[in-house]
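Residue numbers (my numbering), protein chains in the order written: chain B, 1 to 202; chain L, 1 to 202.
Any given hint might turn out to be false.
Chain copies aren't distinguished; within one or between two, either way the pair holds.
As the list claims (entries may be wrong) - Keeping only pairs whose Cα atoms sit at most 30 Å apart, straight-line, the calculated DSSO-like set for lysine-lysine is:
1) K77 <-> K122
2) K122 <-> K27
3) K77 <-> K27
4) K16 <-> K45
5) K60 <-> K45
None of these hints come from the bench; they were simulated from the model.
2 protein chains.
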Amino acid sequence: MDNINYRLPKRKDGQKTFDRIVETAKKLFSKNGYQATSINEIIEKAHIATGTFYLYFDDKFALYKFVLGNYRHSIRKAISEGIKEAHTRYDKERLGIRAFLKFAWQDPLAYRIIWESMFADKELFREYYETFSHDYVRQLKSAVEHGEVREDIDLETLSYVLMGISNFVGLQVLFRETLTDQDLDFITGQVMNILHSGMFTK
Amino acid sequence: MDNINYRLPKRKDGQKTFDRIVETAKKLFSKNGYQATSINEIIEKAHIATGTFYLYFDDKFALYKFVLGNYRHSIRKAISEGIKEAHTRYDKERLGIRAFLKFAWQDPLAYRIIWESMFADKELFREYYETFSHDYVRQLKSAVEHGEVREDIDLETLSYVLMGISNFVGLQVLFRETLTDQDLDFITGQVMNILHSGMFTK
Numbered sequence: 001m002d003n004i005n006y007r008l009p010k011r012k013d014g015q016k017t018f019d020r021i022v023e024t025a026k027k028l029f030s031k032n033g034y035q036a037t038s039i040n041e042i043i044e045k046a047h048i049a050t051g052t053f054y055l056y057f058d059d060k061f062a063l064y065k066f067v068l069g070n071y072r073h074s075i076r077k078a079i080s081e082g083i084k085e086a087h088t089r090y091d092k093e094r095l096g097i098r099a100f101l102k103f104a105w106q107d108p109l110a111y112r113i114i115w116e117s118m119f120a121d122k123e124l125f126r127e128y129y130e131t132f133s134h135d136y137v138r139q140l141k142s143a144v145e146h147g148e149v150r151e152d153i154d155l156e157t158l159s160y161v162l163m164g165i166s167n168f169v170g171l172q173v174l175f176r177e178t179l180t181d182q183d184l185d186f187i188t189g190q191v192m193n194i195l196h197s198g199m200f201t202k
Numbered sequence: 001m002d003n004i005n006y007r008l009p010k011r012k013d014g015q016k017t018f019d020r021i022v023e024t025a026k027k028l029f030s031k032n033g034y035q036a037t038s039i040n041e042i043i044e045k046a047h048i049a050t051g052t053f054y055l056y057f058d059d060k061f062a063l064y065k066f067v068l069g070n071y072r073h074s075i076r077k078a079i080s081e082g083i084k085e086a087h088t089r090y091d092k093e094r095l096g097i098r099a100f101l102k103f104a105w106q107d108p109l110a111y112r113i114i115w116e117s118m119f120a121d122k123e124l125f126r127e128y129y130e131t132f133s134h135d136y137v138r139q140l141k142s143a144v145e146h147g148e149v150r151e152d153i154d155l156e157t158l159s160y161v162l163m164g165i166s167n168f169v170g171l172q173v174l175f176r177e178t179l180t181d182q183d184l185d186f187i188t189g190q191v192m193n194i195l196h197s198g199m200f201t202k
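Okay, chain B solo, but in the shape it has when bound (with noise of 0.2 Å):
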C-alpha cells in the first residue's frame, strides 16, 4: 500500500471533481465488483474527461486502494472515537464492537469492497488483515501486561478470534431490517457476554 500512485488535488474545484470520481468508484465497486468496473464506466458516471482521471489517478487499480485506505482509515476512526471513553480492555473491546457494527450498518458499502479485495488483490487483502492483526495484538499485549487479559492465550489467534466476531456480527446486523440503539446494545451485550465467561456452561 506504500507506492503512491494517486496525487491529491490541490485546488477546491479540484478537490469536488476527486471526491466525485471516488464516490462513483465506490458505488460501482460495491455494486458490481472491482473486475466487473471499468475506469471508462467510472469516467462515463462521474462525468468527467478522461484526462481529468489520469491527473488524479495511475489506473483503476491506484484508484482501488485510494478507496480501500479510505475505508481503512474510516473504520479505524470509527473505532478510535467510539472507544475514546473507555479505561479498560473490556470497555474497549465492547465500545469498539459497537462502533464497528454501527459502521458496518451506516455504511455497508464499505463491508463489500474489503470483502471483495480479495479478489481484486490478494497481496492487499492479506496486508489488509495482517496489518489489522498485528495493531490488534500490540494492544493485546498491553492489556495481558495490565493483566486485563489472559496471558496464556495466542494473541495473533485471539486477534483473528475477535475480528471474525466483529465481521460476522456485523453481517447479522446488517441482514436486519432495522437496528436501533438498543438493538446494537443488546447484540453487543451478547457478544461481551461470550467474551467474558465463554460459551459452554462450567
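Since the structure of chain B is already known, use the hints to place chain L on it.
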C-alpha cells in the same frame, strides 16, 4: 436456491463433461470473480461446444449457484465427518472448527467463491449465512436443553460469533506458508480456550 436451472448428466461421458465445466468455472470464478467471468471463457477453457453448456445450465448464474451449492455441501460434509466421534457440544465445536480450518487450507477456492457471493447475488449470500445460522441455532438450542451451553446467551448472536471465528481463523490459517496437524491442534485449542473461559482475567 430452490428453482432448478441445471440438469445433471445421465451418462458417464456426460458426467465427465459436466465435471469439467464445474471445475473450470470454480477456477475462473475464484481467480477473477463471478462478474468478470463470461460463459464464453468457461466454454473455451473447458473445451466444449456452446450448445453443451446450455445442455446442463440455463445460464452463468445457474452454474454459479450449482458451484456454491456444491461447496456448501462439501463444507457441511467435512464438518459432519470431522465431528462424528464427538459426543459433547464442546467436542462438536472443537472438531467442527478443526475440520473447517482443514477444509479452508485444502480448498482455498471455496473460500473465495463463498465470500464473493456477496457480489454475485446479495440474496444468495444472505441465504447462505442465514441458513447456516438457523441450523446452528437449532443445534445450540439442543445443547442448552442438555445443560451444555449457557442458557443466558442469545443463540442467533452466538451462531454468528461462531461462524465469524471459524471464517477468520480460517483466514489466519490461509495466510500461513505451512500448516501441520500440530498447528491445527494448537490453533483449535486456543479458540476452544476462549470459547470455554472467555478472554478476560476474572
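So, going through the hints one by one against the coordinates:
no.: 1; hint: K77 <-> K122; verdict: both (25 Å within a copy, 27 Å between copies)
no.: 2; hint: K122 <-> K27; verdict: both (21 Å within a copy, 15 Å between copies)
no.: 3; hint: K77 <-> K27; verdict: within (21 Å within a copy, 37 Å between copies)
no.: 4; hint: K16 <-> K45; verdict: within (15 Å within a copy, 44 Å between copies)
no.: 5; hint: K60 <-> K45; verdict: both (15 Å within a copy, 27 Å between copies)
When each numbered hint is compared with the structure, no violation occurs for any of them.
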